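Everything in the sequence shown is counted per the numbering used here, starting at 1 for the first residue and increasing by one.
These aren't lab readings, by the way, just hints derived from the structure by calculation.
Nothing here was measured: the structure is a model prediction, and the numbers come from that model.
Backbone N, C-alpha and C define an ideal beta-carbon position, used for all residues, glycine too.
One should not assume that every hint holds.
[Said to hold, decoys possible] If you anchor each label on the Cβ, the simulated ranges turn out as follows:
no.	residue 1	residue 2	range
1	Q139	R60	32 to 40 Å
2	K120	E142	15 to 23 Å
3	D89	A132	17 to 25 Å
4	P91	L155	32 to 40 Å
5	A124	R153	36 to 44 Å
6	D53	R21	14 to 22 Å
7	S64	E147	22 to 30 Å
8	P119	R21	22 to 30 Å
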Amino acid sequence: MTAVLNRPVVVLDANVLFPFRTRDILLRFHHAGLFQARWTERILDEWTRNLLDWKPHLERSVRSQRRAMAEQFEDALVIGYEPLVRTLDLPDAGDRHVLAAAIRCGAAYIVTDNLTDFPKEALAGFDIEAIAADTFRLQIAELHPSEALAVLRALRVHYRNPPFGKCHS
Numbered sequence: 001m002t003a004v005l006n007r008p009v010v011v012l013d014a015n016v017l018f019p020f021r022t023r024d025i026l027l028r029f030h031h032a033g034l035f036q037a038r039w040t041e042r043i044l045d046e047w048t049r050n051l052l053d054w055k056p057h058l059e060r061s062v063r064s065q066r067r068a069m070a071e072q073f074e075d076a077l078v079i080g081y082e083p084l085v086r087t088l089d090l091p092d093a094g095d096r097h098v099l100a101a102a103i104r105c106g107a108a109y110i111v112t113d114n115l116t117d118f119p120k121e122a123l124a125g126f127d128i129e130a131i132a133a134d135t136f137r138l139q140i141a142e143l144h145p146s147e148a149l150a151v152l153r154a155l156r157v158h159y160r161n162p163p164f165g166k167c168h169s
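Please take these sequences and the hints and turn them into a complete structure.
Have a look at this one:
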């Protein structure tokens, strides 16, 4: 497992970037240094496309979030993984780029909510584990309880100030 002081390198699949709160918590944990997030332009394209297909009225916000991610987390971008894609075998060929990126950056985990697309036997030779977002967040909280709690407390304050969900005319 690749880790710096128990801060594993992790590829975030597009499906865990899609739900706002999941993405927010994961990015805040990364920003706090609790793990090292990685993704590719292709992963970001998939997340953006899927979110805009579902909520086209949020295009400006989604594009702004994507730009912010590129600016705030420029170390997260994995490049040079493309030659590996065609050499890999997964149940869904469309997910090979995620595994290729994980191999390229030395990731310990692929955080995904499509675990069946990343079977253990396909990942075993690369010392990479697929893990669900909820399980990963709990694992980070168990490894770094005070830091994770501080992140979650700050997030709670952020969501309440202004009150999360309050409509403004």
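Tested hints:
As the Cβ distance of Q139 to R60 is approximately 35 Å, the hint placing it in 32 to 40 Å holds. Under the hint 15 to 23 Å, the C-beta atoms of K120 and E142, about 21 Å apart, fit the expected range. About 22 Å separates the C-beta atoms of D89 and A132, a value consistent with the hinted range of 17 to 25 Å. Between P91 and L155 the CB atoms are about 34 Å apart, so this pair conforms to the stated range of 32 to 40 Å.
Judged by the Cβ atoms, the range 36 to 44 Å given for A124 and R153 holds: they are separated by roughly 38 Å. For the hinted restraint 14 to 22 Å between D53 and R21, the CB-CB distance of approximately 20 Å keeps it satisfied. For the pair S64 and E147, the beta carbons lie near 28 Å from each other, so the given range of 22 to 30 Å is met. For P119 and R21, the Cβ-Cβ distance of about 28 Å falls inside the hinted range of 22 to 30 Å, so the restraint holds.
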